[in-house]
Structures are given as structure tokens and as C-alpha cells.
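In the order they appear, the protein sequences are chains A and B. Take the first sequence: its letter number 59 is residue 59 in the numbering used here, and every next letter is one higher. Take the second sequence: its letter number 90 is residue 1090 in the numbering used here, and every next letter is one higher.
Hints are computed from structural coordinates only; laboratory data are not their basis. These figures come from a predicted structure and were not determined experimentally. Built from N, CA and C at the ideal position, the CB exists for glycine as well. Check each hint, because a few of them may be wrong.
As the list claims (entries may be wrong) - Here are a few chain A residues that face chain B, going by a calculated C-beta distance under 7 Å:
id, residue
1, L29
2, I32
3, D57
4, G58
5, S156
So you can see what is in the structure, the chains are spelled out below.
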Amino acid sequence: MYLSKDEERMLVGEFGYAMQKAMEILIALGKIYDAEKLIPITSAHISGVSYANVGEDGLEFLEELASDGKVLVKTTLNPAGMDLDRWSLMGIDREFAENQLRVIDVYRKMGVEVTCTCTPYLVNNMPKLGDHVAWSESSAVVYANSVIGARTNRESGMSALAAAITGRTPLYGLHIKDNRQPTVEVRVPQPDGEFGFACLGMVIGRLVGDGIPFIKGMFHAEPDELKALGAALASVGGVPMFHIEGITPEAKEYTDRSMEKLVVTEADIMSIKKEYTSEADPDLIFLGCPHLSLIELKKIASVLIGKKVRKKLWLCCSKHVKLEADKLGITRALEAAGATIVCDTCPIVAPVRDLGISVVATNSAKGAWYSRNLNNFSVKLLSTEECLREATE
Amino acid sequence: MPQGSDRMNAILELRGRVIKGGRAEGEALVSSQPISFYGGIDPDTGIVREKGHELEGKSVAGKVLIFPHGKGSTVGSYIIYRLKKKGVAPSAIINQRCEPIVAVGAIISDIPTIDCVDISNFKSGDWIKIEDGKIIVERR
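All chains should be built: construct the whole structure from the sequences, respecting the hints.
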């Protein structure tokens, strides 16, 4: 792999320990994927934040890196294992909270913005069409590639951090235009709302595995709906990006391409919901996987106004979005109805099993999938409206 | 020339691609199956605990661990780091084709690692010396 003079100096440690380690990681990845060189990136997004996943060992390594490491580009952070301010209200114990805050402090010391969200594109980490970035968090990767048209591989937390420290990433995979071509055409009916898009994502993800679908048959799609679609695609399959004819920015280049064709029906989409029909009453109903946008919070508030929430209802979003909602009086309205706004985290990365939760309801196909497969919860997958009805009944 | 039964002979010298440079030696522990460090190896003892794995019950501590490639969660990189801190990491790693979990784990843990080697050349119990991309295999 070609290295510039500066990159060679980084590799031999002239710019310190963190830079050297980060460079070693990127070069190893470059070798593995046959990259010819490193390219500059404009932003990074780092997963591996919850103390439940990082653990004492991961934290120890991060502390070593932070001894002299600083990020060179705009870098945001994925959700942590708790609301950083209101963890005790969530029922998180002090020991976990203290360890979690140590992880956060290490990232902050390196210059990472403590956004703690899986939706960096909603908190001002918004690349431009064609920008090279290094993002981890599979749902954000799909959104960046597909909806924004920025270019990123599916990074791990560590490779994204290495990219942030050096401001570079190896040139391979989705950074190269040829690798962004669709691999299979999927004709679909117009899905209904975020929930319909999420279920469609599960269906297509199973069909295409880690391929790139070219979706035809949709007339319109809101950003929040594409967020739900991408999250589902990335969790069940390994889909790194999608194209939608007439909607996503790179789709027009592939309109006339001939490729394998698949068809998804309304019945296929409906069948996803039937896979998650827990009979038990949910201990927790959560919305916001991926994190809710301001628009989604507004919609939920408009449903809940004048009603009384009778079950534990978590609305998960970034602190950034909550602050906007605070200004508009939305937070007050939601809390008056009895909902809890949970920032910086979600039930997938928080130690929710310790909170006595075993049955959950959600409108998120990704959330349902991980709740069952990672946390062994019993799961009800419902539309947003049904979730809110369940919470207020 | 007759040899003592416990005498090791250098039988092979191979070259591979350096993922993490360095010098190491140790007894080979060979798996024809991929290894998941997260969930597959006890991070405090170095003992393989994946049910039904051909190395189940064996320790990777101090061994030159030879397997086709890693698999599973990227948390596996941190497991390799923990093995190192506990003193039960492999002394070196040889892969058929290294992937990012093992590569990142080896780099942050300073474990010499080589790939692009035909691992059918090795048997558990061989004595392996590696120095950057060079591998010397000794066998009784």
C-alpha cells in the first residue's frame, strides 16, 4: 500500500502512540482489503460506547490511546448504556454509571463530541454528497451511503476511531464508485409510514444478505422512513446501502441496468409483524430505534396530548433533539402525558435486563430483532399508533 | 543421520504477509475451523469454550494459534487485548486470511500476526518461530 511521507512518519511513531496504533490498524485493514492507499475523511462516527460492551479491557485500551490521541476530524459518538444525566431515574446502579462516565470522559478527552446517538446526521454530523467518511453503527452507515450519498464502509468502533485520529481511511469497498452499484432489483409496494418501511427493511434484508438492493415501486419516502428502512436492512442482513428509484441521490445512475429481479408483496411485509407477537403484557414500550427525530417526537406528542400513559413508555432520542423539543414545549407535553424521554441511550445498549424487563413492545424492526436475539426478550412488534395505544390503555 | 526422538528439526520455511510485525515462538495450536474470540474463548483463562469447536477445552495461552480466519462480533478485538493483559494470549497468530477482528485485536495487543499462509502446512505440536513475515516450522 502506498504511504505518503507524513503517513510513514505517523507509522513509526513520530506523532505519538495513538497516531502510531491508529495507523497500524488502518494499514492492516488496507492490506486485508487490498487498498492502494489511504484517503482523507471529513467525519467519523464511533460505536462501542456502552460500558456493557466496551468493558474494563476496552476502556483500558481507550485510556492508553487517549494518553496522547486526539481526533482530527468532526467525530460523533454512538449511544451509551444510560442517560448520562438522568441515569438514576432509569434505574441504573451507581457502579455501572461511574464506569460508563469513565468511558465517556476518555472519548471527550480525545476531542470526540459526546452526542451519544445512533443518528449523527440529526445532530450536525451531516456529510455532503460524495464525501468520504468513516462511520460505525450499521444503521448510520446505511443512511450515510444511501440517503446522503456520502461514502463509508461498515466500520467497527475501533477502525472508525483509528480513522478519526489519523483523519484517513483505506481506499476500498464503498469508497470506490464501482462497488456502490446495486446487486439486485427489488420491486415493492408503497409501504405505510415508518413502521411499514421498517418491516419492508426486514423482508429485503433477508432476501439480499449483504448485497445492495435497487428498490422500485415507491412514490415517496420521508427521511424518517428511510431511517427505519435502513436500520432494519442493516440489522437482519449486512446491507451497507440501498438505492430507491426516483428517491435516493445515486439511484438515477442505475435505472436502466439489468440485474436479478425480486418481488416483495404486501403479504411479505405484513408477515414480519406476525413473527413478534408476544402474548404477555409488555414491561416496556419503546420508540426511537434509531433515535427519534424532532418530527417524530412532534407526531407522538400530537397523539398523546390529553391521554394518560399507564405503562413504562420510553421515547429515545439524542440530547440535541430533546433540547429542541424542550424549546418547543414538546417535552413538557410528553412528560405531562406520562411518557419518559430517554436520551443518550436505548434499550439495546443499556443494561435493561437488570431493570427487571423481559417483555418489550416497539415499532422498530431493528429494535425487535436485537431485543430478541441479543437480550432474549419476548417482543411485540407494533405500529407507532398501536404502541401508543398499548401504552395508554 | 539418526536423530533423538525428542529432537526438533526445521522442516519448513514459509513466508506470509505481515499484519502485525514482531518476533515470537511457541508450540502450534492448529484449528481448521474459524475462531470467534467473543464468546468462543474464555478471556480470563484463554481456554476455548465454544461448544463443539475442535479446540474446545484447549488453551491458547502462549501458543502460536493457527486458524483460517476470525468470525463473530467485533468485540472480539477487545477479548484478544484482555487475553494479553491476563497473560494468556497466544504468542503469535497465523491465519489463512486475516479479517478485521483479529487484525485490530493483534495490533492493539502487540501480538505478531501473519496471514496469506497455507495453514495445512502446520500440525498442533509443531514448534513455530516467526519473525515479521518469515515462519520456521520445527517438528519431532
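We went through each hint and held it up to the structure:
1. L29: At 6 Å from the nearest chain B Cβ, L29 (chain A) passes the 7 Å test, so the hint holds.
2. I32: holds (6 Å)
3. D57: holds (4 Å)
4. G58: Holds: closest Cβ of chain B sits about 4 Å from G58 (chain A), inside 7 Å.
5. S156: holds (4 Å)
Violated hints for the displayed structure: none, as all numbered hints are satisfied.
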